[in-house]
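Trainee: Between the sequences and the hints, there should be enough to build the whole structure, so can you do that?
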Amino acid sequence: MATEPITGADIVIRALVDQGVEVIFGYPGGAVLPLYDALFKQNQIRHILVRHEQAAVHAAEGYARSTGKVGVVLVTSGPGATNAVTGLTDALMDSVPVVCLTGQVPTHLIGNDAFQEADTTGITRPVTKHNYLVKSITDLSRVVHEAFHVARSGRPGPVVVDLPKDIQQAKHEYANHANQRHRSYNPQVKPDRALIERAVEMMAQAQRPLFYIGGGVVNSGPAASQMLTELVRLTGFPCTQTLMGLGAFPASDPLSLGMVGMHGMYESNHAMHDCDLMINIGARFDDRVTGRLTAFSPGSKKIHVDIDPSSINKNIHVDLAIVGDVGHVVEDMLRVWKARQAKPNGKALAGWWDQISKWRARECLRYRPSDEVIKPQYALQRLYDAVKGRDFYITTEVGQHQMWAAQFIKFEKPNHWLTSGGLGTMGYGLPAAIGVQIAHPEALVIDVAGEASILMNIQEMSTAAQYRLPVKIFIMNNRWMGMVRQWQELLHGGRYSESYSDALPDFVKLADAFGWTGLRATKPAEMDDIIKTMIETPGPVIVDVAVDEKENCFPMIPSGSAHNEMLLGPEDQRESPISEEGMVLV
Amino acid sequence: MQQQIERHTISVMVDNEAGVLARVIGLFSGRGYNIESLTVAEVDAQRHFSRITIVTSGTPMIIEQIKNQLRRLVPVHRVSDLTIDGPSLERELILVKVNGTGEKRVESLRIADIFRARVVDSTIESFVFEMTGSTEKLNAFINLMQPLGLVEVSRTGVVAIARGSEAI
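Chains F and P are the protein sequences, given in the same order. With the first letter of the first sequence counted as 1, position 126 gets the number 143 in our numbering; the numbers rise by one all the way through. With the first letter of the second sequence counted as 1, position 158 gets the number 234 in our numbering; the numbers rise by one all the way through.
The set of hints was computed from the structure by calculation and includes no laboratory data. If you're wondering where the values come from, they're calculated on a predicted model, not measured in any experiment. It is possible that some hints are incorrect.
[Said to hold, decoys possible] Each pair of labels, with its calculated beta carbon distance range:
id : chain 1 : residue 1 : chain 2 : residue 2 : range
1  : P       : Leu97     : F       : Ala365    : 52 to 58 Å
2  : F       : Pro315    : P       : Leu165    : 40 to 46 Å
3  : F       : Gln358    : P       : Ser105    : 36 to 42 Å
C-beta: ideal position from N, C-alpha, C; glycine also.
Mentor: In structure tokens, the structure reads:
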């Protein structure tokens, strides 16, 4: 496919177009001027100008996670690249496919401490799935295509391509390497059939089985979620989801136990502890889920389905490991289950469900309602009630509000819940919401935020204003870094060191300053009207909800504790101080 | 859950490209794995393959993690655990500088002879010995040279290969 020589910058654009890229999120600078010039001269790719490079990556994550496509970022060298590092790490921890193009000083200046030079590949090596420094124009088209392949295949993740300025200006022929097989990187997606047979056997014999599903199901695509839903319904087994897996199984299904883990449901955590067969599909036994490892589900056999072999036997030893893409694995499980006309152990399963109903009867999300102050849980219940019939997407920041959102907002479909799980990045929600809104212009996109987190990427209000994106920010304002305060209360004798949100801006005036609409709610009775106004206002809206300052997030597994040692509310909290071992954990 | 610490020799075939060694070393330091020895050199110039030999230690669960994490690196072609994949050979090369005169000098030569070390440099008051062998044998040689005027050691770290006709 010999063609006319074109510039490196044009090669990059051609490769992006051939990869199906429609949008990139970025911020210009000296070392990427040729690329921005090439962008200016074309009309196939839309560029969204963010206000900070970290936000570019989060926006690309929001775009990627709500569409299943690769999110693309373009930033300059030096500070552009270093600002992107938090976003890249976030994408790595949550397995989000992102390709981040970074400018670099010209090759002959690399290593010279040139202006805006940073060792980008060195800095990003541990926080990316892979990275490249393109030192020769002849490698350029291959590398850009390869970056997309690596980002989206196997366990997805961020890939950095560092592009020296002279490479962007050099000329060479473009070649489409889109379908080229990689010589060393070929992740296994199809599972071993014999293992599927064994898994089905174990499932048919189980007395107290439990599906434990995670973000891997979402990453595998909506078809994987559908097949998994069919499998769960066919077996009649209970199904619990991780924070990242919310939406992978319909929350309204009676077989769903809701979220598992530190702030997960009482019934989920007890079922996790007492089950005799755990079927982990696309989750990774994260420390927020397992609690104390030595007390984790002591009596169960464990099946673990994961596309990443390094996730298997990392924290928890499993009895049956199946490496493969969730979609393929579940499809095979379904086929084998049907072909064998397998039946679950009906009598044992009925007893298991009886036990689960008893746990459910504890109503672990119960809180003390109030007519005077807005309880954060109440605010989210009202929000969920108002949006549930619509096509809605929820992003969050990190902290108490994030856990409450995970508890009180129910998801029926994957890709509609976007939160920073692994890295726990405050400041994720607003830029992620922007990325979602770009991909779904008609949808209702709400960033459930805390007053502290939102300030970490507040400058992105300007981005939303520029592109007239009708994102909504729903601030649960308790004037505290709530989760920090909760831990200080629990672990540090109520010494609230630096966790008070002092000198907060007036968010309504701030909205005005950015050309947004600002609303405020201070009484429970106002909630419904405010939420309705928020939804009906056409442009971007910030809602400042003054919630109960004292409320803590329950239920909770205190760090260092087991699943059956949950605290259900402030009363439990006083009775069970946390061990010294637990204090060390985060 | 208490598991025994084991020592394993792992061979990693990688593309010989910029940064590949940094990826491997960064993986070990970032995840807190041990490196007892590490060697690297290109072994196939035509296909640009380098071979990294790593001696590491950890519980069986950690060793398994190390191998899986290595396999996850994009430029890694093959990871083989020579310690469990069958019988294998391990060799290391050292250069040892010993200064001395008189009886000590003669004794160092005698021991070098027993160990089949070669003299590769000599002055009136010094020798440089070259020797290959297993890590244990080299350690024994170094220990014996200590009282005889050993002043400097340079060693390559372990290279290893499986016995038999199979190639990795």
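Trainee: Which numbered conditions among the earlier hints are violated in the structure presented, ordered from lowest to highest?
Mentor: Per hint list: single violation, 3.
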